[in-house]
Amino acid sequence: MQLKTCHLASMRRFFNTRRFILSGKNKISILNPCSSCSPRICSTLYKLLFLGMLCMLVMLLSERDASINKVATPPATPSPRIFCIISTYGYRQSTTAIHIKRTWANHCDRFLFVSDDSHEEIEPAVFLKVPDKWHQYRAHLEYVHRYHFDEADWFLYANDDNFVVVENLRHMLQSKNPDELVYFGCKLRSHSNQVYMYDRAAIIFSSATLQRFVLQALPDESICGSGEMGGAATEELSRCLSNINVQAGDSRDHLGHHRILPLQLKEHLNIPLNASLELHKNFLDRSYYQVENNQIPVSVRFISSHIEYMPDAYNLYYMIYQVKQFGLPPANNWQEAGEEQFNLDGNVYD
Amino acid sequence: MLTALRMRENGGQDNQVTNEPLATQLEREVRVACFVLTTPKYHKSRAVHIQRTWGKRCNKIYFMTSQPDDELETIILTKPDQYEVLWGKTKESFTYLYEHKRHEFDWFMKADDDTYVFVENLRHMLYPYSPDEPIYFGFNYKLFNVEAKNASYMSGGSGYVLSREALRLFVHGLNDSSKCRPEDDSAEDVEAGACLFKTNVTAGDSRDDKLRNRFYPMMPYSSLMSKYNGMDFWFFKYAYYNPRACMDCLSDYPVAFHYVEPRELYSFNYLSYMFDLFGRQPTVEHLPARIPLGQVIIPPSDNR
Chain A
1 MQLKTCHLAS MRRFFNTRRF ILSGKNKISI LNPCSSCSPR ICSTLYKLLF
51 LGMLCMLVML LSERDASINK VATPPATPSP RIFCIISTYG YRQSTTAIHI
101 KRTWANHCDR FLFVSDDSHE EIEPAVFLKV PDKWHQYRAH LEYVHRYHFD
151 EADWFLYAND DNFVVVENLR HMLQSKNPDE LVYFGCKLRS HSNQVYMYDR
201 AAIIFSSATL QRFVLQALPD ESICGSGEMG GAATEELSRC LSNINVQAGD
251 SRDHLGHHRI LPLQLKEHLN IPLNASLELH KNFLDRSYYQ VENNQIPVSV
301 RFISSHIEYM PDAYNLYYMI YQVKQFGLPP ANNWQEAGEE QFNLDGNVYD
Chain B
1 MLTALRMREN GGQDNQVTNE PLATQLEREV RVACFVLTTP KYHKSRAVHI
51 QRTWGKRCNK IYFMTSQPDD ELETIILTKP DQYEVLWGKT KESFTYLYEH
101 KRHEFDWFMK ADDDTYVFVE NLRHMLYPYS PDEPIYFGFN YKLFNVEAKN
151 ASYMSGGSGY VLSREALRLF VHGLNDSSKC RPEDDSAEDV EAGACLFKTN
201 VTAGDSRDDK LRNRFYPMMP YSSLMSKYNG MDFWFFKYAY YNPRACMDCL
251 SDYPVAFHYV EPRELYSFNY LSYMFDLFGR QPTVEHLPAR IPLGQVIIPP
301 SDNR
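As given, the protein sequences belong to chains A and B, one line each in that order. Each residue of the first sequence is one higher than the one before, starting from 1 at the first, in full-length UniProt numbering. Each residue of the second sequence is one higher than the one before, starting from 1 at the first, in full-length UniProt numbering.
There's no promise every hint is true.
[To be verified] Just some of the chain A residues that point at chain B, by a computed CB distance under 8 Å:
1. Asn168
2. Tyr318
3. Lys324
4. Pro330
Hints listed in this document are in silico derivations from the structure and should not be mistaken for laboratory results. Just so it is clear, CB atoms sit at the ideal spot from N, CA and C, and this is done for glycine as well.
Just chain B, with the same shape it has in the complex (with noise of 0.2 Å):
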């Protein structure tokens, strides 16, 4: 993360070739698949707002679940619909991606029905990165059930994404038991963060340049209110890097929140895309530099 900070002249928001805006160009070069697991009693109260807010912004966005639907892309699961089978659904659908998707796109995101995902600015946090780097991105925890001290795993509720390389070491560790749980049941996150450290894929660094998160794992104003959590909240204890709330402690370029309701998908989405503050000021904007495959530099935990 540290070294995207090298800036490339693009002769300002559009693509001075193509005259395209920078968004459509991202859309082409980083393909993202999104998946989001529900279930058919959820469909119609969940699932569509993530479709028709955010979800239509992936290249492809899938629901996991056990029945089709006539508005969303489902993927139907053998793993019933249960709570205690997250896990087991969440190793059943990267399977599935990786087994039969895994040559259309370059990055692979896990969501929640309650998460908000800017797409523009997801692409934007992958771009510097290789697909070939075995490398995963979401809010990170410290990450105790392994056998290492500066080990981090990602929120599952603001959702993680997946380099293609990082999903093919995924999926073949989960064959080998030592490395990923068997068993269906446990939290989701922090098996999948473990079964990830074991399979060597690294744990990134999503916050921006000036060290803002880009993953919030709850609403932004959690983090904008220095006093909305009392310090004795298992949040400042369990968070990777400082978890400092601040009104200036979000990024510019937000990638994802969680326990965003319905109604509040539509509001983020209306504020995103259709809202005009009269007299903004555009700014220019530049792609990061890309990093090269192996060059990858995380800091490590700053929270102790």
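In isolation and in its complexed conformation, chain A is listed as follows (with noise of 0.2 Å):
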């Protein structure tokens, strides 16, 4: 034996029991860094051994994630996490949900497509015999809700003829609380005053919400009707998240420009809506939001659109992902909106 009676010593404080390791002529001689017979030494060796394994460790895992050379990666900030639920039918999917899962769906932390069929590229959570919205809305959130409450902090509901900009909601969400009882949309007014979300373009809820509408909201009659709804399955839901104190969301920025839009991205740029038709009608005849000369200023860092022609989408995406001005210096306009105001009277039709 090697050992000299001070290290058994020392040994014996640190381990009540001899280790295996310990004793016998196989010991480790890193346990033994040094050979001198102080106890006060061999005790700081050791713990300086322990500090600087505990800094390697610590190093290791800071160096673990390498930057990637993304388009557009999230801050430094932890981002509010988002799910997204694109619904859509068997009917149409090949020719309309394809598009947003080869686009914009990817940019969502996780999706999720809910359908009354199945498909080998859309995967979705099939809902079957359940043909009024908003049962499909009751019905869609429960799932989301059991399978996939923990994975994010905000629940996206869009259509399949919606474009969203995750990036910019992700950025909307940022100075938000997902412990509020609060949701998003294109805000609008029913002629019987209610308060309600447009069914045709992006809802998102808070995590509280989504929990809060499934528990307490959705068993409870006298909450939430179980009944068909037709077409008012929006202001069902808005009506029931107002039974549970939800609020429902101001989704402009903060100079009053729209980042929920409610049509398509160039119907709201130029020319004037145009009440004669039904479309630009339903919109203007309840957006909760003042409207002046039948248009609304859309934001620089909007959110979501409607597609009337599939094929947009993919012009959107490229503008939007990949198109880039030579020379110009990167877009700064939401900080300068800030200052002065962001103005596209020039560009209206006269």
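Need the complex rebuilt from these two chains, each delivered in its own frame; the hints are there to steer you.
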């Protein structure tokens, strides 16, 4: 035995029982960094060794995330996680939902298609025999809560003909609290003064809202009707949410410009909306916020719009994520918009 | 185009000497005159939307028409505003620019009233080439009405841009009826292509360093969706270079698209200059290397 007596003594201080690695001829020499007899130096060296190993562990863990060159990376602060629910139908998903999956769906933290038929590439959660839209909302949200509640802080509900810029949604939600009872969308007010969200635009629920909706509202007939609602699905949804104290949030930006658009992007940029067109009239008659000159200003950080012609999704995706204007400084329109009014007036058709 | 791949360090996005954005430098150094053929009937419904979106970004844009307009810079042509006379109007437009404006600009671009042009990217594409090079650019189609195998002409819809030297050769060629069609009818882009071919102007290759299209004679989705067009679509026979459609088949710096209706012009304009993507990573850009006069290499057609 090469042990000096002092070693045995110090080892006994640290280890109550002799471990097999510490005894016998096969003792690992690393545990005996010093051969001097001073117990004080030995204990200090053991402490330093432990500290050193701790430091190494911390360094290894912090080097783990190599930066990947992406078009848009989330900021340093932990981003709100967004779960995207995209609603589609068997009769059309091959020509609509498929394009969503190939474009913006991947920008969500997680996404799920919900449909009434299966599909090899879209892989939706299938809900059979739920023809009523209100029943679909109930079923879809209950399912997502059951299977995916822990995966996100916010839950986006969109249609297979919405285009969503998830990064800009993340930006809007950064300053909001997912534990609050709030939901966002394109806000309308019905003729009976019910505030609700436009069903043809994206709707975003906080996780607290989803939780309370599924656990408290859905089972309670006095809070949330269980009958069919036909075309008034989102009106019932909103009535139900207001019964459990969920606030209908304002999704416009700090300038009052709209981020969740009811119609196609190209319908909001120049010529005013036309009250003789049914879809335009539906919005103009019901918009919760004031509409001036039959047009709503579009935010520089728009989040959601409608798509009439599905190939437009590829135009939008290409223009937003790939196309660059050579030699122009990076867009700083969000910051600059704080100083000077972002002005679309020059484009108004006269 | 291939020789433009050598990048020269320019200290990042801004000019090192003056600290101005590269786009501002290019606006000075690559002077482009744009023109659009129009008619009074379409001044307010189409032409003004060109002016208000990309048109104002050219060094100058002219609208070739038959009556003046309070918002548009118009050039009144002698030829009538008829679709059948498009070739005639095109000849007259280029002649006018040659006679009155050739000292003010380096490049001369013709576009339609449903073309969207990314003017900064146009200058970026043209930068390597000298305006004294007899060359023009656009989306390359195969040219069949000349006695040559590998001839090309540029689609009129997505526009084509001539160097100052190409303009000179073209305008002088108009006097020679064996080179350029003296009548005013027939497809304007085919006739322009044949005339430029016969006056020894090179049909350039406008694709980017990954050989992706920068000019495209339809909407982007037509090139981004593999099955948007069936393979029997005439386009696949007439495209000069490989006409593959895929999600990565268009350039990061596109120059022009066609069939862009007025509302869509504003959409492209908004997305180009106003829209702000949260978290977008800034890219470092460099000016491409210049191609010395006479050293342009054009790959032959590879679409059989």
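A quick look at each hint next to the structure:
With 8 Å as the threshold, the beta carbon of A:Asn168 comes within range of chain B, its nearest partner Cβ sitting at about 5 Å, so the hint holds. Checking A:Tyr318 against chain B: minimum C-beta separation of about 5 Å stays under 8 Å; hint holds. Interface hint at A:Lys324: satisfied, since its Cβ lies 5 Å from the closest Cβ of chain B, which is below the 8 Å cut-off. Hint on A:Pro330 holds. Least Cβ distance to chain B is approximately 4 Å, under the 8 Å limit.
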